[in-house]
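Trainee: Here's the letter readout for the chains.
2 protein chains.
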Amino acid sequence: MIDGRMAPEGDPMTYCVAINVEEGLVMLADTRTNAGVDNISRFRKMFTWQEPGTRAIALMTAGNLSITQGVLSRIQSAIDRASAGEDVETIMNCPTLYRAAEIIGEAMREMTEAHGDAIKQSGASASASIILSGQRKGGRPRIFLIYSAGNFIEATRDTPFLQVGEHKYGKPILDRVITPETRLSDALKAAMVSMDSTLRSNLSVGMPLDLAVLKRDQFRFDQLRRIEQGDPQFGEVSRAWSEALKHAFAELPSFEV
Amino acid sequence: MIDGRMAPEGDPMTYCVAINVEEGLVMLADTRTNAGVDNISRFRKMFTWQEPGTRAIALMTAGNLSITQGVLSRIQSAIDRASAGEDVETIMNCPTLYRAAEIIGEAMREMTEAHGDAIKQSGASASASIILSGQRKGGRPRIFLIYSAGNFIEATRDTPFLQVGEHKYGKPILDRVITPETRLSDALKAAMVSMDSTLRSNLSVGMPLDLAVLKRDQFRFDQLRRIEQGDPQFGEVSRAWSEALKHAFAELPSFEV
Chain P
0 MIDGRMAPEG
10 DPMTYCVAIN
20 VEEGLVMLAD
30 TRTNAGVDNI
40 SRFRKMFTWQ
50 EPGTRAIALM
60 TAGNLSITQG
70 VLSRIQSAID
80 RASAGEDVET
90 IMNCPTLYRA
100 AEIIGEAMRE
110 MTEAHGDAIK
120 QSGASASASI
130 ILSGQRKGGR
140 PRIFLIYSAG
150 NFIEATRDTP
160 FLQVGEHKYG
170 KPILDRVITP
180 ETRLSDALKA
190 AMVSMDSTLR
200 SNLSVGMPLD
210 LAVLKRDQFR
220 FDQLRRIEQG
230 DPQFGEVSRA
240 WSEALKHAFA
250 ELPSFEV
Chain W
0 MIDGRMAPEG
10 DPMTYCVAIN
20 VEEGLVMLAD
30 TRTNAGVDNI
40 SRFRKMFTWQ
50 EPGTRAIALM
60 TAGNLSITQG
70 VLSRIQSAID
80 RASAGEDVET
90 IMNCPTLYRA
100 AEIIGEAMRE
110 MTEAHGDAIK
120 QSGASASASI
130 ILSGQRKGGR
140 PRIFLIYSAG
150 NFIEATRDTP
160 FLQVGEHKYG
170 KPILDRVITP
180 ETRLSDALKA
190 AMVSMDSTLR
200 SNLSVGMPLD
210 LAVLKRDQFR
220 FDQLRRIEQG
230 DPQFGEVSRA
240 WSEALKHAFA
250 ELPSFEV
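Going down the list, the protein sequences come from chains P and W. The first sequence: position 246 = 245 (numbering that gives the first Met the number 0), numbered continuously. The second sequence: position 223 = 222 (numbering that gives the first Met the number 0), numbered continuously.
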């Protein structure tokens with residue numbers, strides 16, 4: 000973590016980004032997962048829950064799929080049991096988002112303790128990470144990045160976005176345009192451009208994408224949609240950005256050679 | 000090597016790029032090396048030799064410094080002995096650039112065999128890589144990327160650039176603008192922009208930079224210079240690119256939120 004915004008390298012077959020600006024949160028994830036070169040398949044990496052007016056939460060996962068699926072299964076099971084009237088603490092009824100990050104961290108640590116050694120012995124990486132984003136009534140919008148060991152960091156005013164997976168290709172544009180004062184519509188545009196740069200430079204990150212937008216103090220997702228290959232809006236951003244970059248490059252002062 | 004242009008991750012404290020276009024070669028390297036968080040220091044990563052009219056070669060190194068310095072020491076020693084009249088094959092008198100890549104590969108493999116295990120036992124990474132670029136009379140300009148094991152790959156028309164070290168931040172712009180037909184002046188500009196993106200996103204890659212430009216069939220470096228912090232030309236590219244990106248981003252179609 001040289002500059003506070005670097006993400007674990009565990010699973011390059013993923014790119015997820017969450018951005019926290021004053022107007023709200025933007026979350027964008029790809030859906031490609033790879034279990035060997037000849038076996039590329041798609042799994043959701045974004046999972047959302049909302050109790051409109053009270054709480055909305057999105058998780059995005061990267062890294063070992065058996066670990067992250069196990070964590071999600073525990074989280075969903077707790078929510079189901081609470082819905083059935085059982086007295087169990089969940090990410091949807093716990094007092095704060097910070098406590099939700101702790102709950103996810105505990106599940107990550109337990110799954111890693113249970114399976115990590117065996118996974119490593121098989122030659123695979125057991126590392127995994129999860130981005131938790133959301134807002135509860137009475138709190139502010141927050142983003143946490145939770146590691147396999149159960150520890151976590153939070154996005155701050157200085158670092159208003161967090162990424163997991165193949166994060167480097169798409170980081171320069173975020174570094175340049177994202178501040179807490181960035182408009183939510185621009186944060187969404189920046190997430191799209193960041194994903195587009197990643198898709199172009201790394202074939203293992205792929206469409207379709209899952210998008211979630213949560214406006215501040217709404218406690219209900221404003222957008223929750225899948226962006227399919229051929230999506231006209233994403234295609235237009237991709238095409239326009241490519242043109243704009245080429246134009247910007249051509250306009251740079253020339254070098255004598 | 001998902002897309003043929005990825006580089007080893009061994010040493011993120013470096014960024015070097017070599018670009019091969021029809022008009023010639025551009026090589027750009029940073030100079031920061033880190034042996035612990037509190038001990039950032041500078042070492043050259045670019046080394047050049049030329050016999051004007053006959054052959055010009057540049058090497059750029061990444062990874063374990065003791066390995067790459069050992070390799071360079073052998074290469075230089077062979078060149079010195081040949082200059083003194085000894086009958087020894089060197090990268091400057093061997094018949095082809097391909098053979099030069101083999102010579103460097105042999106030195107890499109021998110250094111890694113001699114020291115790799117002890118380095119790993121000390122907890123450090125022994126991985127290293129070297130980019131060889133140049134042209135000999137009778138041959139075409141070529142770029143090779145040589146790994147610790149002594150094996151190597153070559154830049155082709157499909158992949159006209161090779162990178163080592165912290166290569167991801169600066170790859171999207173190269174992916175977008177570099178083709179074999181790109182003008183040499185634009186290749187130089189692209190190398191600068193690629194380095195600028197890397198410097199902004201990773202504090203462990205740092206100024207000053209070393210630049211080499213070799214026009215096709217000249218067998219003599221056209222430019223060989225150090226770009227210091229505060230260099231007006233690099234500063235202008237950095238500033239103009241930042242402005243151009245912000246402008247291009249603002250001009251993209253907006254999203255409804």
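Treat the hints as calculated values from the structure; they're not laboratory data. Some hints here could point you the wrong way.
Just so you know, same-sequence chains aren't split out, so a pair can sit in one copy or run between any two.
Unchecked claim - Derived pair list, reagent style SDA-like, types lysine to any residue, alpha-carbon separation capped at 20 Å: (1) Lys245 - Leu64; (2) Lys136 - Gln49; (3) Lys119 - Ser241; (4) Lys136 - Cys93; (5) Lys136 - Gly69; (6) Lys136 - Gln217; (7) Lys119 - Ala239; (8) Lys136 - Gly229; (9) Lys214 - Thr178; (10) Lys136 - Gly23.
Trainee: Decide, hint by hint, whether the structure agrees.
Mentor: Verification of the hints:
Neither within a single protomer nor between protomers do Lys245 and Leu64 lie at most 20 Å apart by alpha-carbon distance, with minima of 38 Å and 37 Å respectively. In this homomeric assembly, Lys136 and Gln49 come within 20 Å of each other (Cα to Cα) only inside a single copy, at 12 Å, whereas the closest approach across copies is 69 Å. For the identical chains of this complex, Lys119 and Ser241 are neighbours neither inside a copy (41 Å) nor across copies (43 Å), given an alpha-carbon limit of 20 Å. Taking the closest pair of Cα atoms, Lys136 and Cys93 come within 20 Å of each other only inside a single copy of the chain (12 Å); across copies the shortest separation is 73 Å, beyond that limit.
Taking the shortest Cα distances, Lys136 and Gly69 never come within 20 Å of each other, neither inside one copy (28 Å) nor across copies (61 Å). For the homomeric pair Lys136 and Gln217, the shortest alpha-carbon distance inside one copy (9 Å) is at most 20 Å, but the shortest distance between copies (69 Å) is not. Within a single copy, Lys119 and Ala239 get their C-alpha atoms no closer than 44 Å, and across copies no closer than 47 Å, so neither meets the 20 Å cut-off. Proximity of Lys136 to Gly229 under the C-alpha cut-off of 20 Å is found in neither arrangement, the shortest distances being 37 Å within a copy and 49 Å between copies.
Proximity of Lys214 and Thr178 under a CA criterion of 20 Å is satisfied intra-copy only: 16 Å inside one chain copy versus 42 Å between copies. In this homomeric assembly, Lys136 and Gly23 come within 20 Å of each other (Cα to Cα) only inside a single copy, at 14 Å, whereas the closest approach across copies is 61 Å.
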